[in-house]
Amino acid sequence: MKWQQALKDYQLFLKIERGLSQNTINNYALDVFKLINYLESKSISKSPITITSEIIQQFVYELSKEVNTRSQSRIISGLKSFFNYLVFEDYINTNPLDLIESPKIGRKLPDTLSEEEINNLIGAIDLSKPEGERNRAILETLYGCGLRVSELINLQISDLFFDEGFIKVTGKGDKQRFVPIVGTTQKFINIYKNQIRHHLTIQKGHEDFLFLNRRGKQLTRAMIFTIIKQLAEKVGLKKNISPHTFRHSFATHLLQNNADLRSIQLMLGHESITTTEIYVHMDKSHLTEVVNKFHPRR
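For the sequence shown, the UniProt record's numbering gives the first residue as 1, with consecutive numbering after it.
These are computed hints drawn from the structure, not numbers from a lab.
Since we're looking at a predicted model, the values are computed, not measured.
Just to be clear, a hint being listed does not mean it is correct.
[Claimed, not checked] Quick list of in silico lysine to aspartate or glutamate cross-link-like pairs, EDC-like style, CA-CA up to 20 angstroms: (1) LYS193 / GLU207; (2) LYS34 / GLU62; (3) LYS229 / ASP126; (4) LYS168 / GLU207; (5) LYS234 / GLU133; (6) LYS234 / ASP126; (7) LYS8 / GLU89; (8) LYS187 / ASP174; (9) LYS193 / ASP163; (10) LYS15 / GLU233; (11) LYS129 / GLU233; (12) LYS172 / GLU17; (13) LYS80 / ASP90.
[Stated by the list, open to error] Pair by pair, the computed Cβ-Cβ distance ranges are: (14) GLY236 / GLN5: 46 to 56 angstroms; (15) GLY183 / LEU30: 41 to 51 angstroms; (16) ILE100 / GLN5: 17 to 27 angstroms; (17) MET223 / THR50: 40 to 50 angstroms; (18) ILE44 / GLY123: 13 to 23 angstroms; (19) PHE162 / ASN119: 20 to 30 angstroms; (20) LYS15 / ILE157: 39 to 49 angstroms; (21) PHE178 / SER53: 23 to 33 angstroms.
Ideal Cβ positions, reconstructed from N, Cα and C, are used throughout, including at glycine.
Could you build the full structure based on these sequences and the hints that come with them?
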């Protein structure tokens, strides 16, 4: 079996059997390409089914010189998934990464913004320009609904159920969920939709996407990052923020105001509650206040 065919079959498996998004599938493929590039650089002629643990150990050793422990761990995890697929398809008997341990990494808590910092960022938007109303609606939606950036740019007008107070969000693996949307966020979306978007010349195939660029096409992930970075510079914010920071802030502020983890999990679209539990570690002072207020032995 050749690498090209194995990788093609693996990507098809990830799409059809596991229902992963194309972005996630590409990331898994990149991990395999790193191993392929290493083999080529060392003139090691091996097919995927003849790779040994020793070769993987050499690869991981070289990898440790180039990337941090978090990246090493992610790449090792991606390769384990690839070789598990080969085991599943009976191409190999054992996974050569079974005895390879990922480096120990500390749990990195996500950055968050305070309510004041979020207000400052939104307040810095220049509403005299047409894209200003759009950008305000974007930030209000990121923070008000806790969306991933991919979910935001793929949000469609047909996904808005304002009368019921929800939006339909398509998340990882094309899994859909309904997320509550507050009146304030609805108001700013409607201002953009009715006063700005309505006057754009919308390109074919982009008619239903909510957030568009000036040429009437769906916004890219990179554009959302750029909008936020520019606003952070404008207000002199020293934190390294991204669209995901608004999602983290959404979850953290809900927790601080006594929302339960299960509800936050459903709104964020986390498959496992353990993913949501990272927010518990973010504000221990809040947890102390909860115990002091509600525990019968307080």
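Supplied distance hint 17 to 27 angstroms, evaluated on CB atoms of ILE100 and GLN5 | Check passed, 24 angstroms falls within 17 to 27 angstroms.
Within 20 angstroms, alpha carbon to alpha carbon, are LYS129 and GLU233?
-> 18 angstroms, holds
With a cut-off of 20 angstroms on the C-alpha distance, tell me whether LYS193 and GLU207 pass.
-> Measuring from Cα to Cα gives roughly 12 angstroms; hence the hint holds.
Given the hint that LYS168 pairs with GLU207, does the C-alpha gap stay at or below 20 angstroms?
-> Holds: LYS168 and GLU207 sit about 17 angstroms apart, inside 20 angstroms.
Could you grab the alpha-carbon distance between LYS193 and ASP163 and see if it respects the 20 angstroms cut-off?
-> 16 angstroms, holds
Regarding MET223 and THR50, is the given constraint of 40 to 50 angstroms on their beta-carbon distance met?
-> Distance hint for MET223, THR50 holds at roughly 44 angstroms.
Please work out if LYS80 and ASP90 have their alpha carbons no farther apart than 20 angstroms.
-> 15 angstroms, holds
Outcome of range test on Cβ distance (ILE44, GLY123; 13 to 23 angstroms) = 57 angstroms, violated
Is the hinted pair LYS34 and GLU62 satisfied, with a Cα-Cα distance of at most 20 angstroms?
-> 11 angstroms, holds
Could you grab the alpha-carbon distance between LYS234 and GLU133 and see if it respects the 20 angstroms cut-off?
-> 17 angstroms, holds
Go ahead and decide if the range 39 to 49 angstroms is satisfied by the Cβ distance of LYS15 to ILE157.
-> At 27 angstroms between Cβs, range violated.
Assess, step by step, whether the Cα of LYS229 is no farther than 20 angstroms from the Cα of ASP126, and give holds or violated.
-> 15 angstroms, holds
In summary, the numbered hints that this structure violates are 8, 10, 18, 20 and 21.
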